[in-house]
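> Listed below are the residues making up each chain.
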Amino acid sequence: MSAPLLACRHLAVSISGKQVVRELNLSLLPDQRLAILGRNGVGKTTLLHTLAGLRAPDAGEIKLAGDSYATLGARCAARLRGLLPQHQGDAFAASVLETVLIGRHPHVSRWDWESETDVQLARAALADVGLANLARRSIQTLSGGERQRVALATLLVQQPRLYLLDEPLAHLDLNHQIAMLELIGQRTRADHAALAMVLHDVNLAARFSDRVLLLYGEGEHELGDSADLLDAGRLTRLYGHPLRVLLDGERRWFVPEIQA
Amino acid sequence: MNRRRAFLVLALLAVIAALSLLLSLAVGSIALTPGEVWLALFSADVDAGMANEVVRNLRLPRALAAFACGGLLALAGALMQVLLRNPLADPYVLGISGGAAVGALAAMLLGVSASFGLEAAAFVGALTAMWLVFGLARGDGSWTQTRLLLTGVIVAAGCGAAVALMLSLAPEQQLRGMLFWLMGDAGEATAPLPPLLILAAGLLVAMFFARELNLLTHGPLLAATLGANVARLRLILYFLASLLTATAVTSVGSVGFVGLIVPHLVRLALGNDQRLLLPAATLAGAALLTLADTLARSVVAPQQLPVGVLTALLGVPVFLFLLARTPKQASRGDMP
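Protein sequences, first through last, are from chains W and G. Take 1 as the starting number for the first sequence in our numbering and just add one per residue. Take 1 as the starting number for the second sequence in our numbering and just add one per residue.
Read the hints as simulated data drawn from the structure, not as lab findings. There are no misleading hints in this set.
With a Cα cut of at most 25 Å, we get these calculated SDA-like pairs of lysine to any residue: (1) K63/W x G73/W; (2) K63/W x A231/G; (3) K63/W x G227/G; (4) K63/W x L221/G; (5) K63/W x A74/W; (6) K63/W x L223/W; (7) K63/W x E167/W; (8) K18/W x K63/W; (9) K18/W x Q86/W; (10) K63/W x R232/G; (11) K63/W x G219/W; (12) K63/W x G224/W; (13) K63/W x E220/W; (14) K18/W x A59/W; (15) K18/W x D58/W; (16) K18/W x L221/G; (17) K18/W x E220/W; (18) K63/W x A7/W; (19) K63/W x A12/W; (20) K63/W x R189/W; (21) K63/W x N229/G; (22) K18/W x T45/W; (23) K63/W x V230/G; (24) K18/W x T144/G.
All chains, full assembly: derive it from the sequences and hints.
Next up, the structure:
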């Protein structure tokens, strides 16, 4: 059995006095995919940033491929885990290709420039997200969905072992939502990587993850296999809105009750 | 943009910068040909006469000071724009020049007239403003660019008030010197070596972090994810840009617009890769201020104009034109 890519023990995370999780024990093995679900403002992003080593937890330890973030250092950690941020903060114009290439930063030594191989990787990643023909465009002229796909391409060329995705489907059309999840699924399977993602769509979470972490607020959480944990009762409690299950053969679909 | 193309662009800019220096040495009350400048500079013959004296002792220190300070201001401006993540930031936005002006004017009021004394006072003033802004912006430990910008703008406003107060209290015969200092004037600059050395060292440090600065332009979160130590990077940026600005302002006064226009122009022409932008802006800024200073002392000779007035007169229309042409980029600049 291989070592976990991400392991945390007795983790406690809070933000501005609000508890996000308490006593979280989580380990993600290669090929495992975790979906993090919860209401707005429950601290999903805060938790993801903590797992990414970008903010310190209140208590507990986090290990990335067996080492703590402090031991690894920022650069080493950047070769092991990648984060797709919820927002892109572009202050200046840059071409799409340049923006994808910055994902190679942890792999290129300080005084070096990106090599031809790096450029090819970036072009391939752009082709994967369906933006090969936009390589020379300025990122400031892109639509929200296109910018989101560029961000994914940047993450792909980073080639991490652990993918942390914060609302990867934001701004995306239905077809691109599915394409993105399928692409991420392929890549993680091919590289034996692990994946943790914050999702809003329960059905996509059920379909594209094998484990789920439900954040109820006040530090309360449940962690388990998607198939076991996702049911109408829990989801109703999670979102504070009644949900119902529809059966389509073997597959379950969760739909919200709507009072007309 | 690859490394080879970047080298070519930089080589071209270096040639332009060298030509601007040459022109600045040739133009003046005694016009010289490039050959004569060369001879005056490099001939071992000590008795080469007037030309030798004029070029080596009068024009060269002033031209080199303008060259160094143009580079310092353009580099500081480019760094400040990354630090504040705002393409409209300039080296003076955080009050460094205001602090230097308060220092220099106070020294003048107290009767200091030696250029060394004034420079020391200006440098101390600039460093004081730098620490004041840093201390206040750090206050509770948060170090956001909004807080930094607000603190800097307020400190700059305070310095402006102090400068106005000193101007209104100053005796008549000192006013002209004070105004010239405020507008920026390379005529008094006599020691070009310190600014040149600080420019070289500053550019080296900036280039060391150039790729991390590229990351920072895409947001602190992404930069941290990709392995940059964002907090440390911001500190280095702040102190480096401040120190470069303080050095320039100490030497030639608050010459306006070089630090704003040059990085902006270079960004429009060459893109936003800091590995090219930083050295290119340095060279372009150096060339621009050298040319502007040459103009300032020759256009209405023997009368001299303050070089800061010229750069502002050139800079304002260029900047307005750029602003009108790229409304999107300018308005996106102040987004978080």
